[in-house]
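Undergrad: Please put together the full structure from these sequences, using the hints given.
As given, the protein sequences belong to chains F and V, one line each in that order.
Note that our numbering has the first sequence beginning at 1, numbered continuously upward.
Note that our numbering has the second sequence beginning at 1001, numbered continuously upward.
Where hints are given, some of them may not hold.
As the list claims (entries may be wrong) - With beta-carbon atoms standing in for the labels, derived distance ranges: (1) Pro-1115/V with Gln-110/F: 54 to 60 Å; (2) Val-1131/V with Glu-139/F: 42 to 48 Å; (3) Val-1146/V with Gly-111/F: 41 to 47 Å; (4) Ala-161/F with Val-1278/V: 21 to 27 Å.
What the hints assert, rightly or not - Computed footprint of chain V on chain F; a stretch qualifies when at least three of its residues, placed anywhere within it, have a C-beta under 8 Å from a C-beta of chain V: (5) 89-103; (6) 112-122.
For the record, the hints were derived by calculation from the structure and aren't laboratory data.
Cβ atoms here follow ideal geometry from the backbone N, Cα and C, with glycine treated the same way.
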Amino acid sequence: MSRSTTPPTAGSRPSAGSRPSPGATGRPPRLEVDALTVEFGGLTALDDVGLTVGDGEVVALIGPNGAGKTTVFNVVCGLVRPRSGSVRIDGRPAPATSRLADRGVSRTLQGLGLFGGMTAAENVLVPLTGRPRRSADGERAVVAVLQRLDLLDLADTAVDALPYPERKRVALARALVTDPRLLLLDEPAGGLGADDIAALADVVRGIAAAGTSVLLVEHHVDFVMAVADRVVVLDFGRVVACGTPDEVRSDAAVEAAYLGLEAAR
Amino acid sequence: MDRLVLLVSTGVARGLVIALFALSLVIIWRAARIVNFGQAAMAVVAVYVAFAVHAATGSYVLAVLGALVTGALLGLAVERGLMRRVPGATPMPGMIVAIGLVMVLQSLLGVLFGPRHRPMSPVFSQSPLYVGDVPVLSRYDLFVLVVALVVVVGLGLLFNRSTLGLQLRAAAVAPEVSRLLGVRVPRMVTIGWMLSSAVAALAVLLLVPTELGLNAHSADVLFVHAFTVAVLGGLDSPAGALVGGLVVGVLISLVTGYASAGLAPLAVLGLLTTVLLVRPGGIFATKEARTA
Ligand SMILES: Nc1ncnc2c1ncn2[C@@H]1O[C@H](COP(=O)(O)OP(=O)(O)O)[C@@H](O)[C@H]1O
Ligand SMILES: [Mg+2]
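TA: Okay, structure coming up:
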């Protein structure tokens, strides 16, 4: 499987992450985050962060807790306003939060964020409700994605009653049902066992093979190594390394900055 | 025994009006996380419009439509014009604005129409029907019962079987997540207000013929009962509003019938206190859903 990757220089410092990945066609990358700086009160959560995700590329954003990974997602989704910097999706400025789905962007949340009191199927249907689709098409899309994630038998179960791995899959199904072109996954393997993680890796690879770009935050080393084309390492809000999984793994700076990655395994 | 049947069946009809109004409070609570203390005053304004429509056309159906449409438009105006401009981080500012709205609306109605009660004759007779020779509820109570049930079932279908309802529920449960998923949350809040105000207007319109008539304060007691019921049921729970409304309606009817009307408010207060002591979150309250 050959996918375009930014020519990586392991050990290169922040600018490496912000280099745009030139697609063969010269089209703008699916996601382009440039020189992003975010402050919360006195805390600099992101400092001049740049990264790109090309078509069908899987990029892992890793780093210790509090490094600013979720904040990157929040800026891309318009939930946090950056002090400076830009986010472009397919070359255009990122839309308002409620228009993300229209622009083909889906996201899962670190805390799942399922709608309590609704069934699995209802949760998955929500992203389709705002769109001008015939309801039969919507039903079909829901059934298809539930089937793909092995949730069809649980479609009418209240999500509150599902075990954690299944709830996690419902959250993924809800992100996939709109057939996104850019998928942001916040710790998709968190709390899952080995079998579920292996299945998840298959799903992510399948999504990317079909052309969807994936940016994912994950602590789980094996999972990252299995699915990522490129890895961007954040520490204290800065990009400290960027490259293929192997390059990043052997990067001394990464080890120094981010012992937690190995420790978490 | 005959008296019990009459009191209970009448209580059920009265209780359904309370339940409708409580349902309207639940709808707004779920949509906007505020208790709309202005609900009764807004509904009364809508019923004044319904009276005017009735006087002009003689048609009760048009009067009902007038109440519903005016209620919905008032909900729209209050949400877009007032509530949206109030800081929403805590519920207090919104509630204070709602209380201010009550004062303004009731003063305006007082200035425009004076304190007297305008009677409204019910569309159906208020004398009891008989099953065999047992008196049960009146034709009008039966009408109220049917209308209330239709509205409750309709709301149930809307919220649980339609995509609009799904969006309303999603926006109520987790507004931020809903926005991420493309739900137009501000629009859902507005629709929640419109639905809620329309239902409240209908409840007051159904209530007025069974009371002295219409004036600025006609719905005050209904509000207190409905608020009690909404708290009893758990402000989040439509089923709680329904059951609570029926219980309070029957309780008031029985206490009024067997003891005295003056004791009814005390009985309601006793019920509220007992329930809150046993289940502080309300009978039907679910655990607060954790957000992302
Ligand atoms: N909305 C917010 N307000 C204030 N501080 C925040 C907010 N969101 C995140 N932070 C802070 O920014 C830093 C980065 O957080 P986050 O992006 O969640 O880290 P990560 O996802 O990498 O664990 C943390 O110190 C966190 O406490
Ligand atoms: Mg995080």
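Undergrad: Hint by hint, say whether it matches the structure.
TA: Consistency of the hints with the structure:
1. Pro-1115/V with Gln-110/F: 54 to 60 Å: Because 59 Å falls inside the window, the suggested range holds.
2. Val-1131/V with Glu-139/F: 42 to 48 Å: holds (46 Å)
3. Val-1146/V with Gly-111/F: 41 to 47 Å: holds (45 Å)
4. Ala-161/F with Val-1278/V: 21 to 27 Å: Since Ala-161/F and Val-1278/V have Cβ atoms about 26 Å apart, the given range 21 to 27 Å holds.
5. 89-103: holds (count 6)
6. 112-122: Since 7 is at least three, the answer is holds.
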